[in-house]
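Protein chains: 2
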Amino acid sequence: MALWEKNLRRVTPYVPGEQPKEQNIIKLNTNENPYGPAPEVSRILSCFDADSLRKYPDPEASLLVKQLSATYGVPEESIFVGVGSDDVLAMSFLTFFAGEGDILFPDVTYSFYDVWARMIGISYKTIPLHEDFTWAPEDYEVPNQGIVLANPNAPTGLMAPLSDIRKVLEKNPGSVVIVDEAYVDFGGESTLPLIQEYDNLLIVRTFSKSRSLAGSRIGFAFGSRQLIKALSDVKFSFNSYTMDSVTLQVGAASLRDQDYFQDCVQKIITTREESKKRFSDMGFSFPDSSTNFLLVTHKDMDIPALYEYLRDKHIYVRHFNAPRLNDYLRVTIGLPEEMDQLFAAISQYMKG
Amino acid sequence: MALWEKNLRRVTPYVPGEQPKEQNIIKLNTNENPYGPAPEVSRILSCFDADSLRKYPDPEASLLVKQLSATYGVPEESIFVGVGSDDVLAMSFLTFFAGEGDILFPDVTYSFYDVWARMIGISYKTIPLHEDFTWAPEDYEVPNQGIVLANPNAPTGLMAPLSDIRKVLEKNPGSVVIVDEAYVDFGGESTLPLIQEYDNLLIVRTFSKSRSLAGSRIGFAFGSRQLIKALSDVKFSFNSYTMDSVTLQVGAASLRDQDYFQDCVQKIITTREESKKRFSDMGFSFPDSSTNFLLVTHKDMDIPALYEYLRDKHIYVRHFNAPRLNDYLRVTIGLPEEMDQLFAAISQYMKG
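Chains E and B, in that order, give the protein sequences.
Numbering-wise (our numbering), the first sequence opens with residue 89 and increments by one.
Numbering-wise (our numbering), the second sequence opens with residue 89 and increments by one.
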């Protein structure tokens, strides 16, 4: 070991879903949107003034923040933007959990939460989801310095009612409660109305799923003015210019076309509901998803083997080698014809 | 104070140079390049397949890393990329300075170093530059867990010889030594040849200055395989996908046109050398800059007043309200005609 290695931060990095470089695969493994971004995104890129890139971008990201403000009816000072929701969440962990005590999140949830906690040195306690992957507000009535809830939860897909989030907020005025709404656009109920009532509520969102812009890296957060000020102060202590000039325009263009956005989301919801029926018909079971994915299992099937089988057929879904998830596959909702191919492959597998 | 505020990270954010929104100003305050990026950047943007943005970018940023490898003759596993050099530096502070003891950097240098140290909770000691803003390797023979040296230094513009960096590395095998080469392309001597000899040397670079891509947010680092592995592990514990798909292509396109790059750099060096002469002729003095800026002072002039005067004339330069710098202005080298206007305004000011 080199001498300088004694000063290293010890981490176990998050492992993202595979991003295979081959073409001609059916990619249902990272919850990407099967439809492209709003048509204006293409126009923005083709007309972009490349010369303007010699200058720094607006550190306040005003173009994007103003458009978010107009789209969601939230004041600009209640909005924060970052390099994907992972950046927003990492900054939030840095900002809000610098006190004493554990932060709390479910045992089955986005697997980056514990990575951030360990990287930053925040102690944490996982709260087991119930047998059916639901949770109750009372589960979070233990001492804590912060709570993180994905709603709808991933990878379960389950949505908790707003009344449950409200109960958690009521009981924890001394903690920032982060609600990660990465998937809320696919039929979930947003906690957004509650930011006016609770100054300790931070809602985190992304352009990666419902807005078909995973490749652009745009995340955002809503919260009280005090919360957003604290988050911005930490962000400006880390990197003044996180959002590049092209991305700011791409994000704003996407927000301006709400009809296209709603249309894509609706198509995915339709395909999801059809897929639920097809999985059920084949004997699979799953939590009732409000997202763009399904977490499926089958009592008579070797799920890791099915995963490998599909992969050999160039169909990528996600399998988590994790407690309670080993017998599940997370399947992103793709195009109807991609789902047809998936179900055809599963049928073949079942026929042996 | 709200109850949850007890858990907040306390920070004093870095204040970036002003990014005024008005047009028709002469902007010599944030060391931007007066020439646009390589022509292929424009072509890349106009042909970009917007539909591909629905997918996540390559988390390994291979396109850009491979092009950096080819351009600089450095193996891919010795290269790290991030969202501007600020992101690379912030990640490096997180990664390499998690041990005991102070980190060291000069008292007059890039004013983000102390911001990162305080934000992360790293104790630090500043080493005073000599009266003439130079430093000596012996200054860094004090116990430390890390050393950060900008070379050329900012905002002084002064270049230390490679032999001095080598001496610091020799004496500090237990510390990672970060050499911030943001400005090295404007006539400095890079520490790059030393990465094969010293596994504790990290060299940080940026596309924001010499490559005219401040608006794209691209920074990179060179170091030993072990150093880059440690840095990547922390990065992947923070945000898997930092570099968006457009930026990866923009960065690679810029690197492919080395002739254009060299030409722009040479024009700036020529303008800088002319500007040195003109400042001297007007009675200004300055450290001998190897960068795209000059740190000027004048023994008979009220420098903060000159700053305000220029600002009123829509000429933005940078004044730091900081010890030892109050009587200096940092002036970015702009287009020849912009410098003409600057010198005309200073002449007017001197005539009173």
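Rather than coming from a laboratory, the hints here were simulated on the basis of the structure.
Among the hints, a few may not be true.
No distinction is drawn between identical chains; accordingly, a pair holds when it is met within one copy or between any pair of copies.
[As the list claims (entries may be wrong)] List time: in silico DSBU-like cross-link candidates among lysine-lysine, alpha-carbon distance up to 35 Å: (1) K259 x K94; (2) K109 x K439; (3) K255 x K401; (4) K94 x K387; (5) K317 x K401; (6) K317 x K365; (7) K154 x K401; (8) K364 x K213; (9) K213 x K154; (10) K401 x K259; (11) K387 x K143; (12) K355 x K259; (13) K213 x K317; (14) K439 x K317; (15) K317 x K109; (16) K317 x K259; (17) K439 x K213; (18) K154 x K143; (19) K401 x K109; (20) K365 x K154; (21) K94 x K255; (22) K365 x K94; (23) K439 x K154; (24) K401 x K365; (25) K439 x K255; (26) K255 x K109; (27) K94 x K143.
Keep in mind it's a predicted model, so treat the numbers as computed, not measured.
Evaluated hints:
no. : hint        : verdict
1   : K259 x K94  : between (42 Å within a copy, 17 Å between copies)
2   : K109 x K439 : within (31 Å within a copy, 65 Å between copies)
3   : K255 x K401 : neither (46 Å within a copy, 57 Å between copies)
4   : K94 x K387  : neither (48 Å within a copy, 48 Å between copies)
5   : K317 x K401 : between (49 Å within a copy, 33 Å between copies)
6   : K317 x K365 : neither (46 Å within a copy, 46 Å between copies)
7   : K154 x K401 : between (45 Å within a copy, 30 Å between copies)
8   : K364 x K213 : within (33 Å within a copy, 61 Å between copies)
9   : K213 x K154 : neither (37 Å within a copy, 41 Å between copies)
10  : K401 x K259 : neither (49 Å within a copy, 57 Å between copies)
11  : K387 x K143 : between (58 Å within a copy, 32 Å between copies)
12  : K355 x K259 : neither (38 Å within a copy, 64 Å between copies)
13  : K213 x K317 : both (27 Å within a copy, 29 Å between copies)
14  : K439 x K317 : neither (58 Å within a copy, 45 Å between copies)
15  : K317 x K109 : between (40 Å within a copy, 22 Å between copies)
16  : K317 x K259 : within (24 Å within a copy, 43 Å between copies)
17  : K439 x K213 : neither (43 Å within a copy, 69 Å between copies)
18  : K154 x K143 : both (21 Å within a copy, 26 Å between copies)
19  : K401 x K109 : within (16 Å within a copy, 53 Å between copies)
20  : K365 x K154 : neither (41 Å within a copy, 46 Å between copies)
21  : K94 x K255  : between (45 Å within a copy, 22 Å between copies)
22  : K365 x K94  : neither (55 Å within a copy, 49 Å between copies)
23  : K439 x K154 : neither (55 Å within a copy, 45 Å between copies)
24  : K401 x K365 : within (23 Å within a copy, 69 Å between copies)
25  : K439 x K255 : neither (48 Å within a copy, 70 Å between copies)
26  : K255 x K109 : neither (45 Å within a copy, 44 Å between copies)
27  : K94 x K143  : neither (40 Å within a copy, 38 Å between copies)
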